[in-house]
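Build out the structure end to end from the sequences listed, making use of the hints.
There are 2 protein chains.
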Amino acid sequence: MPEITLLATHQLFNGEQRRYRHYSRYNQCDMTFSVYLPSRALQGYRLPVVYCLGGLTCTDENFCIKSGAQRFAAEWGIVLVMPDTSPRGTDVADANIYSLGQGAGFYVNATQQPWVQHYQMYDYVVTELPELIEKHFPVNEQRSLCGHSMGGHGALMIALKNPQRYLAVSAFAPIAHPIAGTWGQEAFTAYLGENQADWAVYDSTELITQNPPPFPILIDQGSVDEYYPAQLHPQDFVQAARFKGVNIRYHLRKDYDHSYYFVSTFIESHISFHAEAFGL
Amino acid sequence: MPEITLLATHQLFNGEQRRYRHYSRYNQCDMTFSVYLPSRALQGYRLPVVYCLGGLTCTDENFCIKSGAQRFAAEWGIVLVMPDTSPRGTDVADANIYSLGQGAGFYVNATQQPWVQHYQMYDYVVTELPELIEKHFPVNEQRSLCGHSMGGHGALMIALKNPQRYLAVSAFAPIAHPIAGTWGQEAFTAYLGENQADWAVYDSTELITQNPPPFPILIDQGSVDEYYPAQLHPQDFVQAARFKGVNIRYHLRKDYDHSYYFVSTFIESHISFHAEAFGL
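Each protein sequence line maps, in turn, to chains X and D. Sequential numbering from 1 applies to the first sequence in the UniProt record's numbering. Sequential numbering from 1 applies to the second sequence in the UniProt record's numbering.
Treat the hints as calculated values from the structure; they're not laboratory data. Please note: incorrect hints may appear among the correct ones.
When chains are identical, the list treats them as one kind, so a pair holds in a single copy or across two.
[Stated by the list, open to error] Calculated cross-link-like contacts (lysine-lysine; reagent style DSSO-like; alpha-carbon spacing at most 30 Å):
| no. | residue 1 | residue 2 |
| --- | --- | --- |
| 1 | Lys244 | Lys135 |
| 2 | Lys66 | Lys254 |
| 3 | Lys135 | Lys254 |
| 4 | Lys66 | Lys244 |
| 5 | Lys135 | Lys161 |
| 6 | Lys66 | Lys161 |
| 7 | Lys161 | Lys244 |
Here is the structure:
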């Protein structure tokens with residue numbers, strides 16, 4: 001068995017959009033991910049990577065199809081990697097709500113039944129997927145994170161817990177203080193149990209207060225986002241970051257909502273932000 | 001009852017992406033369409049319109065979500081209108097294949113049972129929808145057409161049959177000679193009957209031979225498109241156009257396929273082409 005299996009490839013902005021399946025040793029199931037390789041990567045140059053994390057209900061494909069990021073990744077010479085948002089399959093635990101279970105892994109390592117066997121998305125995104133990417137694709141060791149909504153939570157949280165591994169992080173409408181909203185509270189109760197001390201290690205607002213990072217942070221938030229502020233609380237995160245002197249840019253975008261139309265409007269500035277952090 | 005009912009609106013590139021429902025007198029059913037209004041339209045300036053026609057299986061939303069056209073429509077100050085590709089509903093005739101019936105109207109006026117009652121997409125796109133758009137939105141009388149696959153057929157065919165109404169037409173992987181491929185043959189047989197003389201009036205290669213247009217034409221085609229050339233035959237159309245001295249640009253794009261990834265790669269050049277035709 002090959003370690004990764006190519007499912008589809010499409011020429012895109014003179015590079016290639018590809019989708020792969022592989023067996024995840026952390027999640028103990030088959031996983032899919034997508035990758036965008038600019039032409040310079042296809043020529044063999046080792047390029048930096050932005051890991052792009054999706055939100056609730058998304059697979060790896062939503063960001064690929066809707067964000068428009070590849071146009072700018074092609075211009076700058078940046079590889080994009082889009083993971084799925086959870087383990088999948090008929091043998092994988094699930095719930096009847098969109099904010100828990102398949103499509104809603106919240107980028108944590110579950111400790112509770114019935115989630116513990118497959119829901120190890122933190123280790124998957126931090127360790128397993130970068131190992132695969134760095135083994136099979138022409139990338140260098142410059143990494144950053146970008147995410148939308150639940151993926152914005154994942155991007156901020158993972159970067160803050162691993163400041164030595166990432167050069168920047170950006171987020172669109174992130175769940176920036178998950179322990180303060182019902183999405184985060186319900187997911188963390190299910191995956192991590194009732195002890196709120198176990199939630200704090202995955203809460204970006206808690207993390208940035210305890211350990212302000214050396215890298216820059218960019219956040220965009222739509223002013224008419226239907227989940228703002230109750231589920232997202234970016235202002236809590238930004239206040240904590242500024243109090244600690246972190247290099248953070250925060251834009252409240254008038255009249256924008258939570259959709260990928262919002263993401264696609266500002267994705268150019270996010271990819272440029274990552275390019276700057278990579279020294280391109 | 002209002003003539004058009006707003007279903008959704010999203011801020012996008014400082015303008016608005018909106019979706020509407022209305023009752024179509026030609027198709028005798030409710031129809032949906034989408035429209036992108038740049039900020040200058042929201043300020044009340046009357047702008048030119050590109051009608052963007054979708055392909056087989058698409059609704060009005062595929063082009064909205066996947067093409068990336070709005071970024072450039074916003075820059076140029078162009079309104080985009082995306083119609084659905086057929087009538088819809090449980091009372092509307094359908095077929096068990098993706099290339100006929102709902103999602104596959106082929107932009108013709110059906111004359112045969114069971115299609116004749118609802119499948120009047122030619123009159124809908126040429127007459128009814130522009131009347132609605134010009135009544136309800138800040139547009140001027142500058143119109144053009146763009147389409148993908150079956151929508152490329154629709155765009156070329158409608159422009160060629162109405163050269164006084166349109167200033168330009170562009171297409172991605174159009175079904176440019178439908179009477180020469182099985183998609184077109186099967187659809188025209190169903191909608192128009194067995195008499196092939198009735199097909200020719202909707203065949204772009206036949207039309208351009210008989211009546212070469214005064215407006216410019218732009219076509220992009222992917223070289224590894226899975227439907228090229230058997231269903232599409234752009235080379236027949238281009239040869240006929242060049243023989244007649246038509247202003248046509250044709251690009252065979254190496255390694256690109258039939259998907260919206262291909263469309264999104266070249267949409268910027270198409271919107272610029274329309275802008276030039278509008279004198280922007």
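Hint check:
no. : hint            : verdict
1   : Lys244 - Lys135 : neither (37 Å within a copy, 55 Å between copies)
2   : Lys66 - Lys254  : both (21 Å within a copy, 24 Å between copies)
3   : Lys135 - Lys254 : between (42 Å within a copy, 29 Å between copies)
4   : Lys66 - Lys244  : neither (35 Å within a copy, 40 Å between copies)
5   : Lys135 - Lys161 : within (23 Å within a copy, 56 Å between copies)
6   : Lys66 - Lys161  : within (28 Å within a copy, 34 Å between copies)
7   : Lys161 - Lys244 : within (16 Å within a copy, 66 Å between copies)
The earlier numbered hints that this structure contradicts are 1 and 4.
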